[in-house]
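> Residue strings, one per chain:
There are 2 protein chains.
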Amino acid sequence: MSITANDPTRKTWLEVPENSDFPIQNIPFGVFLTRDDIITIGTRIGDTAIDLGALHQLGYFEGIPLTDDIFLQDTLNDFISDGKKTWRLVRNRIAEIFDTSNESLRDNEEHRQVVLFTLDEIEMQMPVQVGDYTDFYSSKEHATNVGTMFRDPDNALLPNWLHIPVGYHGRSSSIVPSGIPIHRPQGQTKPKDADEPVFGPSKRVDFELEMAFITTDANHLGEPIPIDEAEDYIFGLVLFNDWSARDIQTWEYVPLGPFLAKNFASAISPWIVTLDALEPFRVKSPKPEKKLLPYLQSTGKRSFDIELEVFIKPENAEETRVSKSNFRHMYWNMSQQLAHHTVNGCPVLSGDMMGSGTISGPTPDSYGSMLELSWKGEKPVKLSDGSTRTFIEDNDTVIMRGFCQKDNYRIGFGEVSTKLLPVFEPKKK
Amino acid sequence: MSITANDPTRKTWLEVPENSDFPIQNIPFGVFLTRDDIITIGTRIGDTAIDLGALHQLGYFEGIPLTDDIFLQDTLNDFISDGKKTWRLVRNRIAEIFDTSNESLRDNEEHRQVVLFTLDEIEMQMPVQVGDYTDFYSSKEHATNVGTMFRDPDNALLPNWLHIPVGYHGRSSSIVPSGIPIHRPQGQTKPKDADEPVFGPSKRVDFELEMAFITTDANHLGEPIPIDEAEDYIFGLVLFNDWSARDIQTWEYVPLGPFLAKNFASAISPWIVTLDALEPFRVKSPKPEKKLLPYLQSTGKRSFDIELEVFIKPENAEETRVSKSNFRHMYWNMSQQLAHHTVNGCPVLSGDMMGSGTISGPTPDSYGSMLELSWKGEKPVKLSDGSTRTFIEDNDTVIMRGFCQKDNYRIGFGEVSTKLLPVFEPKKK
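Here the protein sequences line up with chains G and C, keeping their order.
Heads up, the first sequence is in UniProt numbering, so the first residue is 1 and it goes up one at a time.
Heads up, the second sequence is in UniProt numbering, so the first residue is 1 and it goes up one at a time.
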């Protein structure tokens, strides 16, 4: 089925600001609370939010096999379970409805009243209930930087790194959408010269610039997903800030991996941009440096050219861009990640989220974490207000943005923005 | 509120076999499919399964604040969200209904017909939808054995082990109830003398004897749970077999922890035994060998005396007991685990599951995994049919059982039984 929603010549009767991340060719999916306190599934064109639940009730999706309440839900999980064919039919139909030549909704004031919202009339929610969240470690530059800093510059990559897309399980319950503030975590750390660990606020709170993909129901217990089918099970992507506490991590992570250093919070951009919408921006992954086992051999263009930026905004000051990277730097692509994740028969379900790992580029201004940008605190990063940062300070807001662009055709992700509040103070009883 | 359900003198009008794990003092909670293909929440007394949905519809829970459909669900998550006070009211009421002196249901043939089932009329399901699953590593004997085998017998424990209940995130989607067969996983391993990794079936599939506790909604993002409140958020426990593939684990787990070596399957006993039912079997945890940071200092009896056994049953042969351990061997208790898990503000929700880690005792016959019992394959374990095992073979069934006993008072968990099938063969297309 052709993805007519991607037609680059299509224009919409809605107003779309120049350079918007959300032209009519994007049509992402999200969940929002409306001015009437109703939760619904929606999409966005320009700065207009569109209530898909209302559109469906009014009959605009006639002919597409959808249950009546598929968009009247507080997560996208059931819609994602409907599968790729249905996602395409719906995106194509939305493109038609908002095509400049289509009068049906355009000229129906009453319908427009219940379907369209300005952005300040809605509040974005978590788009999916995340069953399981997995984080990979798929940027060679990031793995090399970390290995150089903490192990051996001459053998920075561990022996398995070039053979397997290394990954580990993360915590779903602490994934929040953009805009939700988080607290500086407390925990155990072991200062270098101390004999015993101490307890207190983390002194090395960091972001990690990642993207995450969201899956549909892919396989049953025991059944691997072949690499060439992997993309059939990927619904779309979001920006992902994998908040980290470096000092807690150092003390806890051997031998079973990061735990409290990561599970206090991760944040995502709230609009899921479909894999279909990213189609024009396919690129090849870097050539593997080792011969891969057959289940990991991927052909064609399985990665995407997505520009990524990270900004730090101190309280009462302007934001400063501290990193500029690109998703295409990833050594391992999503098809390889999903084939690896399931090769042992691990079941992948609708709403599962898989993070890329920190996306660092080859140059020091493209590193995806403060750990790397400040080289474990040795090189403070200058902000435009004159202050410097080695890690994130209380009341700083970290903002990540991402978009694909070719000439005037731009598909963006919006942003994930999270303010770091001071340590949580329990209310006096 | 007193736990009248625990009254050791109470007798029931239902038949209960001698030495049953499920006397009227147990009253565990589970989910089952009935002969009419209806999913419901239930309990069990002796060998009788009791439909709590039907009991509630018939008015037997009058006076307890419960929504009408609280037991007509396919998971216990909502009931668990109702909190400890409600769990107690319901367990106390069930004890009354089935008390030998209570005529209301006993003498109502019509009601009994819709409420009571024999075990062969039902099929046990997953009792909860597990949001997040965490596995700890809390047996000192197990950590010492593993450290001795793979690192240094003189420094078997890593430096953090005596200071923090080490844990890591696991995969929820592959947790199955007792009775569901699993497949031998395939994956990458690196044979000792090989230059490159190879792909194939794991040659070292193992069980891990664990227990897991199930939580209710405990805290919000950012908010720690004080150790003295931790038990308020624990609903109950199940037996837990954390299936593992040792050869896959060896190659993949540095630096981010076990991943495919674990996430192909974990299995649980289907009846959740409440913390309340275990009350008479409280014991103290082992004395900490290091001074703990205040948030981990626990007082009183925070562990439980639960006898645990593991059996291997080859195809067409009798089962052989290969291990006999006890939950009380755990160095870190559940209160410490939950306080640690949330000290950084990580949210814990209803249905979350937390594994203890392999429960090994001090003697070689009490080790909780084949890795330890066969000392990484060097000492084959004899079975009663004359065969030997170093790890688990195709078509073996691994069975774990657990119970508390004091004189004639016994509270048991039933069993978790899982058959290991050969590698999954995809159907020809």
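Hints are computed from structural coordinates only; laboratory data are not their basis.
Each hint should be verified, as a subset may be incorrect.
Said to hold, decoys possible - The list that follows gives simulated cross-link-like pairs (lysine to aspartate or glutamate, EDC-like), each with its CA atoms no further than 20 Å apart:
| no. | chain 1 | residue 1 | chain 2 | residue 2 |
| --- | --- | --- | --- | --- |
| 1 | C | Lys419 | C | Glu279 |
| 2 | C | Lys427 | G | Glu229 |
| 3 | C | Lys419 | C | Glu123 |
| 4 | C | Lys427 | G | Asp47 |
| 5 | C | Lys11 | C | Glu309 |
| 6 | G | Lys427 | C | Glu309 |
> Looking at the structure, which of the earlier hints fail to hold?
1, 4, 5, 6
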